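Participant: If you read the sequences in order, they're chains A and B. For what it's worth, full-length UniProt numbering labels the leading residue of the first sequence as 1, then goes sequentially. For what it's worth, full-length UniProt numbering labels the leading residue of the second sequence as 1, then goes sequentially.
No lab work stands behind these hints, which were simulated from the structure alone. Honestly, I wouldn't trust all of these hints.
[Said to hold, decoys possible] Listed below are several chain A residues computed to face chain B (Cβ distance under 8 Å; list not exhaustive):
no., residue
1, Val8
2, Thr123
3, Gly126
[What the hints assert, rightly or not] Below, in silico cross-link-like pairs of lysine-lysine (DSS-like), each with a Cα-Cα straight-line distance of 27 Å or less:
no., chain 1, residue 1, chain 2, residue 2
4, B, Lys142, B, Lys288
5, A, Lys142, A, Lys288
6, A, Lys140, B, Lys140
7, A, Lys108, A, Lys184
8, B, Lys150, A, Lys140
9, A, Lys288, A, Lys150
10, B, Lys288, B, Lys150
11, B, Lys150, B, Lys140
12, B, Lys184, A, Lys142
[Unchecked claim] Stretches of chain A that chain B covers, calculated by requiring three or more beta carbons in the stretch to come under 8 Å of a beta carbon on chain B:
no., segment
13, 37–50
14, 79–88
15, 97–106
16, 129–140
These figures come from a predicted structure and were not determined experimentally. The beta carbon of each residue, even a glycine, is placed where N, CA and C say it ideally should be.
2 protein chains.
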Amino acid sequence: MTFGEFDVIETYFTHRFAQRDDVQVSVGDDGAVVAIDPTEDLVVVTDTMVAGVHFDANTPARAIGHKILAVNLSDLAAMGAEPRWFSLALTLPEIDEEWLTGFSTGLKEMSEYYDCSLIGGDTTRGPLTITITAHGVVPKGKALLRSGAKPGDWIYVSHALGDAGLALAVQQKRLAIPDQHYRKVCERLFFPTPRVALGQSLRGIASSAIDISDGLLSDLGHILKASRVGARLSLDELPLSLPMTESLSQEQALQLALTSGDDYELCFTVPESQRGLFDTLVAHAATKPICIGRITSDLNRVVLELDGEPWQLPAGEQGYQHFAFSSERGHDGQS
Amino acid sequence: MTFGEFDVIETYFTHRFAQRDDVQVSVGDDGAVVAIDPTEDLVVVTDTMVAGVHFDANTPARAIGHKILAVNLSDLAAMGAEPRWFSLALTLPEIDEEWLTGFSTGLKEMSEYYDCSLIGGDTTRGPLTITITAHGVVPKGKALLRSGAKPGDWIYVSHALGDAGLALAVQQKRLAIPDQHYRKVCERLFFPTPRVALGQSLRGIASSAIDISDGLLSDLGHILKASRVGARLSLDELPLSLPMTESLSQEQALQLALTSGDDYELCFTVPESQRGLFDTLVAHAATKPICIGRITSDLNRVVLELDGEPWQLPAGEQGYQHFAFSSERGHDGQS
């Protein structure tokens, strides 16, 4: 048994601390929601990346700068929030000018592209650790939560899954794939795209949402737990990239798409009543979300089907556990 | 020459990043100020503490939990902000239940006393590093900044200085003092009191403010630089505790009070025109700020006087430099 991040937070923090009345959503979703204004809520998200845990010495500094903001913007996207500002806490073992140039370039590109301004932070000396706290806004009461899915709702993912996990598996020499495929999946691992516009467009349409940082089954599991529902997934519909389908067996590909993290796609649910509106919304979108299943009333149970037959993951592969000391790496993402 | 925190932030971040129009104060004050509402501004501060840099293995876990929130609340106080919410990024090498219990107890006490709610965060595995981003609010345009001091303004500090530095010096065996004094100054090092109520009461009265995290001369220096002024300090007025005056020579005491950090008192300036209002305000306060000097027009120059005579620090003692690799410890505080 591992002592997971969720246990740490629940045991020592969530249940012990008194809360202000203006806190609408606290620990336990992709971000927090607090009341700031009669018409808008503030959404606050925090993600940390630690050297040797979330990235290694081979990761380009520009990718680290890109990714630390991308994973925070992905949390904002999962809440339906419009990004505004972020703070940076940077702990550095030394002043490496080349690294700082690359890191700040990646960060600046994301900051300016998504119009999310760096407003402050703290620089300290110590083992390389980077924390960003990002702020966004949503119209009052419109934040997307994990807790609104209902039986019968359709389950979507925003784009192909498993690429980042494939890149990591190749890096760690657990899998070998052709070079041109490796380059493509490395882009996805190093430079994830937060689904910021999609997240905002889902306000009032999606009944729940989360971003996939730990693997589809693990993150969908948070929706199921928070919403007290289950899910049935049709694996035939699971979107897979060319590198995945051309380099791997079907079982390998499905396993990665279901359990590997770092893709930062959105997973969300749409009620039948909103499906027409949703289809219209995405009709002309460049990246079209894919419907992969349906919510059931079977609490916390996920049924997987392939070609109409039940399908099971190899034993022990149930998605990534945060802060698993038995595992090789930790992982980021607000609990 | 050391490559300080200020250079890192200015070189790689401040001047390179485009900013949104709603950012009113960014990197370069105790916190950032952003517009959220027609009547209120949001103040955001961030501070990191790293094991082996900001605290050592002898620091009680409860003190670490107290202090990481206290230093953030102190930044909010220096901006005149009312605390509201905070996020916690906690990187842990292992799950140590005793440590987590102590840490979360210290954090909870501060959180509840100052009505500042824990709203989220991230728990990761890695070298012990703690970052808090705290949020407060001020009436629109009323945040206290470093940049408003004018020649003739009176310079105040909120309470006795140097105690935390004395505790550290004793811990590091650079000084020896009687036990009963050591216990008192340790309280100040481990459990600093953020001057939250004082900070808010200074809105509209103080022309500038900062919290003393790095030493009076260093932090007053930020006010002088931001306000483009100088200062004359009367060291006879510098408030010193009994442990300081009873255990140290006058020179040792003044040196600590001027240059040692970690006191988290406020330093602020009050224009002559507001002095009557200010005196009325503090007449019945339990902790009375002390006037220690006056702002001059002599850009960035600090004149020290004792008994009406010029006084100089021993060479090389000019206050703490953030992120100084030549130094034994790094330091927290937004640049």
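Participant: All hints, please: hold or fail.
Facilitator: Evaluated hints:
Restraint check, Val8 (chain A) versus chain B: the minimum CB separation of about 5 Å is within 8 Å; hint holds. Interface restraint check for Thr123 (chain A): the shortest CB-CB distance to chain B comes to about 5 Å, inside 8 Å, so the restraint holds. Given the 8 Å rule on beta carbons, the hint for Gly126 (chain A) holds: about 3 Å separates it from the nearest Cβ of chain B. Note on Lys142 (chain B) and Lys288 (chain B): the hinted pairing holds, with a Cα-Cα distance of about 23 Å set against a maximum of 27 Å.
Taking the CA atoms of Lys142 (chain A) and Lys288 (chain A), the gap is about 22 Å. The hint holds against a cut of 27 Å. About 21 Å separates the Cα atoms of Lys140 (chain A) and Lys140 (chain B), which keeps this hinted pair within 27 Å; it holds. Restraint check for Lys108 (chain A) and Lys184 (chain A): the C-alpha separation of about 23 Å stays at or below 27 Å, so the hint holds. Between Lys150 (chain B) and Lys140 (chain A), the direct Cα distance comes to roughly 42 Å. Violation of the 27 Å bound is thereby established for this hinted pair.
Simply put, Lys288 (chain A) and Lys150 (chain A) have alpha-carbon atoms about 23 Å apart, close enough for the 27 Å limit, and the pair holds. Proximity of Lys288 (chain B) to Lys150 (chain B) is assessed by CA-CA distance (about 23 Å); at most 27 Å being required, the pair is judged to hold. Taken as a hint, the Lys150 (chain B) and Lys140 (chain B) pair is honoured in the structure, with Cα atoms around 22 Å apart against an allowance of 27 Å. In summary, the hint linking Lys184 (chain B) to Lys142 (chain A) is not supported, as the alpha carbons are separated by about 50 Å, beyond the 27 Å threshold.
With 10 residues having a beta carbon nearer than 8 Å to a beta carbon of chain B, the segment 37–50 of chain A meets the requirement of three or more and the stated coverage holds. Coverage of the segment 79–88 of chain A by chain B holds in this model, with 4 residues showing a Cβ closer than 8 Å to a Cβ of that chain against a need of three. Check on the segment 97–106 of chain A: 4 of its residues sit with their Cβ under 8 Å from a Cβ of chain B, so the three-residue criterion for coverage holds. Counting residues of the segment 129–140 of chain A whose CB falls under 8 Å from any CB of chain B gives 5; the rule of at least 3 is met.
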